[in-house]
Amino acid sequence: MVSKYELHPFTLSSCPDDPYLECHIKAVGDWTGDFYSLYDSQHIEDGKQVYSLPAFNLQIEGPHGAPAQDWTNYERTVLISTGIGITPFASVIKHIRRRMQQSNAIRSRDLDVPGCLNLRVKKVTLIWICRNQESIAWFTDVINEAKMEMGDDFDVQVYLSSVNALGDVRAGITHIGMHAYFQKTNKDAITGLNNVLTLYDRPNWNNIFRTFCETSPNEKLGVFFCGPHSLGHTLKKTCATFTSTSSTSFSFFQEHF
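In my numbering, each residue's number is its place in the sequence shown (first place is 1) plus 1016.
Since the hints were made in silico from the structure, they are not lab data. What you are looking at is a predicted structure, and each value in this text was computed from that prediction instead of being measured. Incorrect hints may have been included.
Below, in silico cross-link-like pairs of lysine to aspartate or glutamate (EDC-like), each with a Cα-Cα straight-line distance of 20 angstroms or less [said to hold, decoys possible]:
#, residue 1, residue 2
1, K1252, E1271
2, K1138, D1169
3, K1042, D1171
4, K1138, D1171
5, K1138, E1165
6, K1138, D1046
7, K1253, E1271
8, K1203, E1235
9, K1138, E1091
10, K1139, D1168
11, K1203, D1168
12, K1139, D1169
13, K1236, E1091
14, K1139, E1235
15, K1203, E1230
16, K1138, D1086
17, K1236, D1217
18, K1252, D1086
19, K1203, D1169
20, K1138, E1230
21, K1138, D1128
22, K1236, E1165
23, K1139, D1171
24, K1203, D1157
25, K1139, E1165
Make the full structure from the sequences, and use the hints.
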């Protein structure tokens, strides 16, 4: 037994169209560490989907709403996450991909797409900041499948923040090698992501938001963030600054990490 009365909130990474509930849980404390050990003792491999669980009793309460669910209100949506904070956005990405698959299948038969399948969102940008490449492996398949279905309408930026590409000679050499491999194969050698080159640095938020303003003038963007409060505070200020100094409007939503 891990705990009989202690409750912990986890974000669903499955989407509404999935016939199951899925969570990605990182073992970072006593409770999650014990939970991992309990299942690890049953020889469950990391990253492997498990459909037949051992006979453990799980008490589930919910689901509860979250800020990320407002992404449907915007034609252009920006999803920013750090590490395991990508879980709510994995659900969003899978949901958009499934709806696009269904809509494309209907159009291919020269039929009208019903209104319930139409999504307001036209373009999605995912910015994912990780400390190590192992974290990226959690959702490589989800991102690759969405990129294949959505094409240029799904922009992905992945940063490895533990490596400073400008201040470390070894990192610089690694970056040059990875860039050459990407140019040849169109695939990132470290993460396995297709059409997405991992950046060995931290995001320059002013440059990123300036690009949003240039590509989406007179538009309203929804910016959704899941990560530490310190970065959330920075992003909230950045959204306010560019909203007041450009024709592009940014609405900021934060899910507590």
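Status of each hint after checking the structure:
| no. | hint | result |
| --- | --- | --- |
| 1 | K1252 <-> E1271 | holds, 12 angstroms |
| 2 | K1138 <-> D1169 | holds, 7 angstroms |
| 3 | K1042 <-> D1171 | violated, 26 angstroms |
| 4 | K1138 <-> D1171 | holds, 11 angstroms |
| 5 | K1138 <-> E1165 | holds, 13 angstroms |
| 6 | K1138 <-> D1046 | violated, 42 angstroms |
| 7 | K1253 <-> E1271 | holds, 16 angstroms |
| 8 | K1203 <-> E1235 | violated, 32 angstroms |
| 9 | K1138 <-> E1091 | holds, 5 angstroms |
| 10 | K1139 <-> D1168 | holds, 8 angstroms |
| 11 | K1203 <-> D1168 | holds, 16 angstroms |
| 12 | K1139 <-> D1169 | holds, 5 angstroms |
| 13 | K1236 <-> E1091 | holds, 8 angstroms |
| 14 | K1139 <-> E1235 | holds, 12 angstroms |
| 15 | K1203 <-> E1230 | violated, 28 angstroms |
| 16 | K1138 <-> D1086 | holds, 15 angstroms |
| 17 | K1236 <-> D1217 | violated, 28 angstroms |
| 18 | K1252 <-> D1086 | holds, 16 angstroms |
| 19 | K1203 <-> D1169 | holds, 18 angstroms |
| 20 | K1138 <-> E1230 | holds, 17 angstroms |
| 21 | K1138 <-> D1128 | holds, 18 angstroms |
| 22 | K1236 <-> E1165 | violated, 25 angstroms |
| 23 | K1139 <-> D1171 | holds, 8 angstroms |
| 24 | K1203 <-> D1157 | holds, 13 angstroms |
| 25 | K1139 <-> E1165 | holds, 12 angstroms |
In terms of the numbered hints stated before, the structure departs from hints 3, 6, 8, 15, 17, 22, listed from lowest to highest.
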